[in-house]
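If you read the sequences in order, they're chains A and B. All residue numbers for the first sequence refer to full-length UniProt numbering, where the first residue is 1 and numbers rise by one. All residue numbers for the second sequence refer to full-length UniProt numbering, where the first residue is 1 and numbers rise by one.
Watch out, some of these pointers could steer you wrong.
One copy or any two copies: either way a pair holds, since identical chains are not told apart in the list.
To be verified - With a cut-off of at most 25 Å between alpha-carbon atoms, the simulated BS3-like pairs for lysine-lysine come out as follows:
1. Lys288 to Lys359
2. Lys114 to Lys58
3. Lys289 to Lys359
4. Lys288 to Lys357
5. Lys357 to Lys420
6. Lys289 to Lys353
If you're looking for bench data, these hints aren't it; they were derived computationally from the structure.
Number of protein chains: 2
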Amino acid sequence: MSRDERDIDFEAVTNEAIDFLNKEDMDGFRAIFLELHNYEQSEIYQTLSDQEKNTLYKFLSPEETADFFDHLELEPDEYEDLFDNIDARYAAHIIGAMQYDNAVDILNEISREKMTTFLSLMNKDDASEIRSLMNYEEDTAGGIMTTEIISLNILMTVREAMRHIKEMAPDSEMIYYLFVTDPENHLVGIISLRELIVADDDDYIGDAMTERVVSVRVSDDQEEVAQIVRDYDFLAVPVVDYQDHLVGIVTADDIMDVIHEEAGEDYSRLAGMSDNESTSDSALETAKKRLPWLIGLTFMGMITAWMLSFFEDTLAKVVLLSAFIPVISGMAGNTGTQSLAVAIRGISTGEIKESSKLKLAGRELGSGFLTGVVCGIVIFLIIIVMYQEPTLGIIVSGSLIASMSVATIIGTIVPLMMNKVGIDPAIASGPFITTANDIISLLIYFALANVFMASLL
Amino acid sequence: MSRDERDIDFEAVTNEAIDFLNKEDMDGFRAIFLELHNYEQSEIYQTLSDQEKNTLYKFLSPEETADFFDHLELEPDEYEDLFDNIDARYAAHIIGAMQYDNAVDILNEISREKMTTFLSLMNKDDASEIRSLMNYEEDTAGGIMTTEIISLNILMTVREAMRHIKEMAPDSEMIYYLFVTDPENHLVGIISLRELIVADDDDYIGDAMTERVVSVRVSDDQEEVAQIVRDYDFLAVPVVDYQDHLVGIVTADDIMDVIHEEAGEDYSRLAGMSDNESTSDSALETAKKRLPWLIGLTFMGMITAWMLSFFEDTLAKVVLLSAFIPVISGMAGNTGTQSLAVAIRGISTGEIKESSKLKLAGRELGSGFLTGVVCGIVIFLIIIVMYQEPTLGIIVSGSLIASMSVATIIGTIVPLMMNKVGIDPAIASGPFITTANDIISLLIYFALANVFMASLL
Chain A
1 MSRDERDIDF EAVTNEAIDF LNKEDMDGFR AIFLELHNYE QSEIYQTLSD
51 QEKNTLYKFL SPEETADFFD HLELEPDEYE DLFDNIDARY AAHIIGAMQY
101 DNAVDILNEI SREKMTTFLS LMNKDDASEI RSLMNYEEDT AGGIMTTEII
151 SLNILMTVRE AMRHIKEMAP DSEMIYYLFV TDPENHLVGI ISLRELIVAD
201 DDDYIGDAMT ERVVSVRVSD DQEEVAQIVR DYDFLAVPVV DYQDHLVGIV
251 TADDIMDVIH EEAGEDYSRL AGMSDNESTS DSALETAKKR LPWLIGLTFM
301 GMITAWMLSF FEDTLAKVVL LSAFIPVISG MAGNTGTQSL AVAIRGISTG
351 EIKESSKLKL AGRELGSGFL TGVVCGIVIF LIIIVMYQEP TLGIIVSGSL
401 IASMSVATII GTIVPLMMNK VGIDPAIASG PFITTANDII SLLIYFALAN
451 VFMASLL
Chain B
1 MSRDERDIDF EAVTNEAIDF LNKEDMDGFR AIFLELHNYE QSEIYQTLSD
51 QEKNTLYKFL SPEETADFFD HLELEPDEYE DLFDNIDARY AAHIIGAMQY
101 DNAVDILNEI SREKMTTFLS LMNKDDASEI RSLMNYEEDT AGGIMTTEII
151 SLNILMTVRE AMRHIKEMAP DSEMIYYLFV TDPENHLVGI ISLRELIVAD
201 DDDYIGDAMT ERVVSVRVSD DQEEVAQIVR DYDFLAVPVV DYQDHLVGIV
251 TADDIMDVIH EEAGEDYSRL AGMSDNESTS DSALETAKKR LPWLIGLTFM
301 GMITAWMLSF FEDTLAKVVL LSAFIPVISG MAGNTGTQSL AVAIRGISTG
351 EIKESSKLKL AGRELGSGFL TGVVCGIVIF LIIIVMYQEP TLGIIVSGSL
401 IASMSVATII GTIVPLMMNK VGIDPAIASG PFITTANDII SLLIYFALAN
451 VFMASLL
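Work the whole structure out from these sequences, hints included.
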């Protein structure tokens with residue numbers, strides 16, 4: 001099925017499934033619903049009314065519901081209501097049957113009381129697995145890993161391993177990489193299912209496996225984990241604790257979400273937005289989320305205005321000076337944002353190392369100066385042609401060169417310094433850097449204008 | 001190994017490998033180099049001098065070299081030189097032995113002559129596979145798919161299928177999803193290796209497989225493909241031609257790169273940068289890449305200046321007006337960029353559908369108006385306190401409300417319209433929208449100022 005065909009087909013299937021729910025036809029519903037991919041089931045679920053959802057819970061086992069709850073993509077404020085209409089015992093059963101990493105995500109988003117209720121009502125083994133996962137920070141390897149894994153004993157034969165895999169396959173998220181442990185559960189090797197299939201049945205796992213295994217620590221940042229998985233083209237990477245015990249794996253599908261999410265964070269912050277904006281928000285919700293930034297920027301803008309009012313005399317004498325305020329502050333803002341974008345991306349992908357920071361700052365300054373000179377010459381020529389005012393031309397193009405150079409340095413140094421002292425550099429968002437550069441560039445402009453004042457009059 | 005341990009260990013291994021190359025010790029080199037992951041081999045390769053690379057080519061077979069060439073991450077301008085020091089026949093052999101999708105990427109980046117030379121020198125089968133892949137656009141499913149796949153015949157038994165997989169495994173990129181075809185090579189089903197392992201040996205593939213298989217077309221955009229793989233948590237998705245023949249698959253590792261790349265594109269364009277900037281560029285190279293944007297913006301800035309010069313009389317009478325130019329244009333720029341970011345992201349992730357465009361524009365306008373009112377009140381109060389000028393307060397806050405509302409509309413509508421007529425909306429990059437909003441917001445400001453002129457004097 002192509003995408004369009006699938007869309008059409010999927011709409012028909014969705015309507016059919018909803019019809020069966022409304023007609024209370026359990027067999028009809030199960031016959032078509034359970035044929036679908038879990039992701040598609042989650043899509044249908046999200047279009048249902050409360051009443052239809054209640055019917056669905058009657059028709060499906062908690063395990064069947066858990067399978068597509070694993071695929072739900074909810075906004076942070078939607079979790080709280082998710083279980084409002086579900087019997088608490090049934091809800092606890094669903095959560096316990098979900099993939100543990102997803103269960104943890106849900107429990108972290110709901111109220112403490114609900115969380116403890118659900119944990120107390122669910123199967124003990126599930127609850128204790130989930131509790132132990134909840135100890136990890138959300139954005140670390142521990143926070144995104146799954147513990148439902150198959151590990152092989154180093155002393156097994158290939159035949160024994162294959163039998164073990166056949167038994168365990170239904171309960172584990174990833175069976176294509178098998179991690180090999182010694183009797184103390186230390187991670188000692190890796191073998192892919194591909195290698196197992198090609199290997200001789202009587203070989204020992206210890207001989208067939210690869211000993212050089214790349215792992216991550218439970219506390220490693222999820223972005224570092226993503227980088228490793230992407231670099232090595234892994235389908236999964238093992239997670240170990242500080243004693244090198246195998247505690248879980250992070251799979252490629254979780255990594256795709258991490259890459260998507262982290263890129264979105266950098267992007268939102270460059271635009272000066274909070275992360276949790278959604279296209280389904282109302283105008284009021286959107287305004288609420290953006291206001292804190294915008295009010296902060298209004299105050300910073302007023303600082304600029306207050307500063308400029310000191311130059312009232314200068315401006316009164318040469319009114320034309322004010323016509324170039326937007327172009328100077330705008331160009332400083334643009335170059336500053338470019339440098340900022342390079343720095344934020346470089347920090348978050350780990351491309352910028354301690355040693356290369358000075359080099360980067362120097363590079364940006366050089367580029368700011370060079371582009372400043374070229375744009376300065378362009379603007380000088382335009383001013384000569386339009387106003388026949390060489391002194392004005394020198395002031396404007398001179399401050400353009402100076403402020404574009406300074407802006408690149410501000411755009412590079414501020415995020416790097418914030419990162420150094422442990423503040424998330426993305427907080428130095430686009431608009432703040434831009435407004436800071438506004439102030440500096442206009443100071444340069446009026447300082448230069450005052451110097452040349454005599455020849456302007 | 002944790003990340004730090006690996007880094008230390010890896011540095012030692014790298015130095016050892018280079019030593020062996022310089023000592024011309026082939027056995028020593030091969031013993032440690034071939035133990036490494038292909039990605040690590042590619043890392044070492046990129047640190048080698050030309051002479052060391054030449055020794056490496058002598059020590060490794062083209063196939064062994066191809067394995068880590070698959071992992072090379074090169075800048076567009078580095079491809080041309082890649083094969084400069086390699087014998088053309090050996091180079092052709094390497095390219096032919098690479099994964100076909102990666103081979104195509106390389107051939108697309110080098111000169112036409114080199115490309116045809118390499119294609120004529122390589123094994124005929126490889127050349128014809130690669131040639132057929134080169135017909136697809138780079139950013140489509142066809143451009144990123146691999147054709148080295150295992151497909152199963154619908155009439156096989158599970159036992160026959162497993163035997164077939166064992167034979168084919170060494171030559172195929174992905175063996176964990178098996179796609180099932182009928183005798184005319186139409187895609188008719190899918191079965192995972194997991195399901196095969198658990199299934200009974202005598203079952204027929206046709207009975208064990210899932211018939212509902214999600215596929216993409218060769219011409220589908222890579223971003224759509226990424227969306228499907230991410231939604232469904234696939235490890236691979238099959239690619240079909242217009243007659244539903246199975247022609248290849250796109251694997252999760254390629255999708256991770258797509259997600260990374262596309263997010264980077266949106267990000268760069270929001271900052272008004274070209275895509276191909278690299279942190280290793282020199283100041284001059286960086287300046288060259290950024291100049292086209294910046295010169296364009298200089299001209300747009302001069303339009304603003306030219307426009308403002310018409311208000312010279314107004315400015316001469318009330319000099320304080322110019323103090324608020326930066327805050328008004330700045331706030332319009334900030335809100336416009338936020339709307340632009342939402343629109344670009346929404347378009348590129350496919351979240352914004354035809355039907356929801358008007359809704360989004362209305363939402364943004366509403367949010368622009370609401371935030372404008374709040375920021376307007378804040379600025380009105382500040383002006384009353386600082387300057388005791390209610391009329392000035394009304395002009396500034398009134399134009400803030402108007403220009404923030406308009407800026408959100410410009411930021412939303414322009415990219416949506418560009419997308420509609422088939423222009424990449426990301427070209428409407430941050431700085432351009434910001435400068436356009438500068439002009440409009442200052443026009444509003446001076447229009448309002450002229451209306452209230454009498455009471456200001």
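Now for the hints, and whether the structure bears them out:
1. Lys288 to Lys359: between (40 Å within a copy, 18 Å between copies)
2. Lys114 to Lys58: within (22 Å within a copy, 66 Å between copies)
3. Lys289 to Lys359: So lysine 289 and lysine 359 pass the 25 Å test across copies only (18 Å; inside, 37 Å).
4. Lys288 to Lys357: between (37 Å within a copy, 21 Å between copies)
5. Lys357 to Lys420: within (11 Å within a copy, 42 Å between copies)
6. Lys289 to Lys353: between (34 Å within a copy, 23 Å between copies)
In summary, the structure agrees with every hint in the numbered list given earlier.
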